[in-house]
Every structure is written in structure tokens, then in C-alpha cells.
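Participant: Listed below are the residues making up each chain.
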Amino acid sequence: TQLLEQSPQFLSIQEGENLTVYCNSSSVFSSLQWYRQEPGEGPVLLVTVVTGGEVKKLKRLTFQFGDARKDSSLHITAAQPGDTGLYLCAGDPSGTYKYIFGTGTRLKVLA
Amino acid sequence: DVKVTQSSRYLVKRTGEKVFLECVQDMDHENMFWYRQDPGLGLRLIYFSYDVKMKEKGDIPEGYSVSREKKERFSLILESASTNQTSMYLCASDYSGANVLTFGAGSRLTVL
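Each protein sequence line maps, in turn, to chains V and F.
Position 62 of the first sequence, counting from 1, maps to 65 under our numbering, and the rest follow consecutively.
Position 83 of the second sequence, counting from 1, maps to 169 under our numbering, and the rest follow consecutively.
Isolated chain F, as found in the complex (with noise of 0.2 Å):
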């Protein structure tokens, strides 16, 4: 089974400071993803990267940055964490043309 792996569940960090969100998955997938969920407001795509090395903004890019060294690493950095981020983070991946994304377990950020 594709496993995507969210290494931090839970977080809990404080105005301003920095924040790196990672994301592995295991399965040579091509393209990998940066959601944001919030209640009535389902799934927000933020970024995703297409190969490594490249990256694109989705509908909610502003005060998010990401990095793909390896194809098989996807990060979200939160430069200066605001009390609007707080929310859960999920991560997917799928190979080109799938149509098929597989999530990881998610990231629930909160920021005070």
C-alpha cells in the first residue's frame, strides 16, 4: 500500500515562529500536495509540486513557502506563524494523469 507519512500529528507553536510541516511518501509518486482543512470550509489547496525542484501555488499559497529536494519529500514552511493558520495540515501524493490522491494521516497545527 502507498503510504504517506506526516511526521508531526500534533504541534502547538507560537506567533512568529517558524514552522516546518514533512511529508514523505513511498511510492515514486510524481506529484505531491499541500492541503489545508477547516470546518464549512473543506479542503484548500495551498501548493504542489509536480517533480522535484518545482512547485506550484494553489488557491491559498500567501504566508506559505514549500521545498521538494527529493521526490520523495514534500515540506510546508509557515515563515511567521499567525493565529490563522491554526488549522490541520494534510498531505497527498498521486502519480500523473491517477486521479487518485492518498493522504496522510494529517497535521493539526495550532498557533497562539
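Only chain V is shown next, with the shape it has when bound in the complex (with noise of 0.2 Å):
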């Protein structure tokens, strides 16, 4: 089975810090998604990222996929309390359909 490995699994920062997640595999992807996770609810897209070296930007949080297409990061500035959830990334790496998701980072950013 083609791993999507993320770390760091737990992250416990306070209010205003910056921190970085990353998603790293051996396998290449035509594109990598980041979903994030609330308490008692499914995940939620938050982008996608397609081409290699691409940056996006959501608010504070800012997206790379990586130049060989086979890692991402996820950097979060000046964290506030709502970013609390579970970070996950994830990618189809044959194009089949069968979507592997990262076993995740669980972030709390405390006031």
C-alpha cells in the first residue's frame, strides 16, 4: 500500500505562533488535496495543489506541493484557536480513483 506519511502527528502551539505540517511520500502525484477535520464531522477540502513547486494561499495558511510532486506542506501564521483540527493530506497516486489520505496532525492552538 503507497504511504502519504505526515508529521508532526501532534502539534500543541499557543495563539499567534507559525507552524509547518508536512506530507511526504515515495510515490508521485498529479495532485495532492489538504482536508482539515473537526470533532464529529467528516473532513473538508481545504485546496488542492497540482503543479510541482506550486504555492497557494488560503488566508494564513499557505500550501506547497513540492517540485518531484511528491510531498506537500501545509504552513499555518500567527495560528488562532480555529485552526484547531485534524490536518490531512491526500492524493490518488495511480489515478484510479482510490483515494490515500495521510494518517494525519492533529493541531491545537491554544488561546
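Hints in this document: simulated from the structure, not taken from any laboratory.
Hints are not guaranteed to be accurate.
With a straight-line Cα cutoff of 25 Å, these simulated PhoX-like cross-link-like pairs (lysine-lysine) come out [stated by the list, open to error]:
no. : chain 1 : residue 1 : chain 2 : residue 2
1   : V       : LYS101    : V       : LYS111
2   : V       : LYS101    : F       : LYS157
3   : F       : LYS141    : F       : LYS156
4   : V       : LYS111    : V       : LYS62
5   : F       : LYS104    : F       : LYS156
6   : V       : LYS101    : F       : LYS139
7   : F       : LYS89     : F       : LYS139
8   : V       : LYS101    : F       : LYS156
9   : V       : LYS101    : F       : LYS99
10  : V       : LYS101    : F       : LYS89
11  : F       : LYS143    : V       : LYS101
12  : F       : LYS104    : F       : LYS143
13  : F       : LYS89     : F       : LYS141
14  : F       : LYS157    : F       : LYS139
15  : F       : LYS143    : F       : LYS157
16  : V       : LYS111    : V       : LYS59
17  : F       : LYS141    : F       : LYS104
18  : F       : LYS104    : F       : LYS139
Predicted, not measured: the structure shown is a model, and the values here were computed from it.
With the hints as a guide, bring both chains together as one complex.
Facilitator: In C-alpha cells form, the structure reads like this:
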């Protein structure tokens, strides 16, 4: 089974701090998605990155796709308590709709 | 907004019981998926379907079956529930090639 490995698994930070979450694989992906999941809910899509080296910004969140399309990162600037949640990267490595997910990064932002 | 509805949010079943988890989407998506989510293991694909009556095994199909008789509905069936099937089950759907999964809120199943 192809894997998407995320790090760190857990992160607890103070409001206003910056953080980066990593998503790595040995496989090449045509695109990678980032989702956020809150307790009791399903994951919700944040962004899709498609082109190697691409950078996308969503307010205080910056997403980057690696040049080789094997990895991605999520950087949050000046984290807020509302950013608390489980962050998941996902992709379809074989183009067969068998989307795989990373193990997730559980972020807690303390006020 | 696309809506994916899982009819049961919480279920408690006994070992050996047959369990049906229902999922309905309202945006005419071709693809539908069932995942289970366990702490430390992330989301693992059980089955997916790319058309009515079509299904493909995911990474962990053992102990599960699925049914897709109508485009909008995808059911997950546990023929004989076991305690190791206690988990959060997530249904999702998307358009072919969109790479954007829309998830339901999840069904938390406890097997005693």
C-alpha cells in the first residue's frame, strides 16, 4: 500500500505562533489535497495543489507542492484557536480514484 | 452545496449482527467511497464505486460488502460484525477526475 506520511502527528501551540505540517511520499502524485476535520464531522477540503512547485494561499494558510510532486507542506501563520483540528493530506497515486490519506496532524491552538 | 448524508451517526451492535450503513449524496456524483477512520491509522479505503452496480475493493475490504443500486445511494454492509470493526465510518463522493471528496459527517459504530 502506498503511503502518505505526515509529520508531526500532534502539535500544541500558542495563539500567534507559526507552524508547518509536512506530507511525504515515495510516490508521485498528479495532485495532492489538504483537508481539515473537526470533531464529530467529516473532513472538509481546504485546497488542491496540482503543479510541481506550486504555492497556494488561503488567508493565513500557505500550501506548497514539492517540485517532484512527492511531497507537500502546509504552513500556518499566526495560528488562531479556530485553526484547531485534524489536518489530512490526500491523493490518488495511481489515477484509479483510490484516494489515500495521510495519518493526519492533530493541531491544537491555545488561546 | 453538495451534501452527503449518512443516516446513522451512532450505532451500537453486538458481535455477529448484520449492519447496514447508508449514505446518500444529492449532487449526481459518479464516484462514492467508504472509509474507516481509526486513531493513528488515518482514513483507510474500504470500497468505492464509480457507477451504479459497479464497485472496487479498497485497501481493507475484508469483512465488508457494498451495494450501489442507485447513483445517489451507497451502502456499506457488515455481514457479521466483529469487535475489530468498531470504528468511525466515513462516506464520500466526487465527480470523476475532480479529486475533491465531499464527506458525510460519519457513522460511529461500536460492536460489543
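Participant: Determine for every hint whether it applies to the structure shown.
Facilitator: Hints and how they fare:
1. V:LYS101 to V:LYS111: violated, 30 Å
2. V:LYS101 to F:LYS157: holds, 19 Å
3. F:LYS141 to F:LYS156: Answer holds: LYS141 (chain F) to LYS156 (chain F) is near 13 Å, not above 25 Å.
4. V:LYS111 to V:LYS62: holds, 19 Å
5. F:LYS104 to F:LYS156: holds, 21 Å
6. V:LYS101 to F:LYS139: Answer holds: LYS101 (chain V) to LYS139 (chain F) is near 17 Å, not above 25 Å.
7. F:LYS89 to F:LYS139: holds, 21 Å
8. V:LYS101 to F:LYS156: holds, 21 Å
9. V:LYS101 to F:LYS99: Measuring from Cα to Cα gives roughly 29 Å; hence the hint is violated.
10. V:LYS101 to F:LYS89: holds, 21 Å
11. F:LYS143 to V:LYS101: holds, 9 Å
12. F:LYS104 to F:LYS143: holds, 20 Å
13. F:LYS89 to F:LYS141: Holds, at roughly 21 Å.
14. F:LYS157 to F:LYS139: With a Cα-Cα distance of about 9 Å, the restraint between LYS157 (chain F) and LYS139 (chain F) holds, given a limit of 25 Å.
15. F:LYS143 to F:LYS157: holds, 18 Å
16. V:LYS111 to V:LYS59: holds, 23 Å
17. F:LYS141 to F:LYS104: Judged against 25 Å, a Cα distance of about 20 Å means the pair holds.
18. F:LYS104 to F:LYS139: holds, 21 Å
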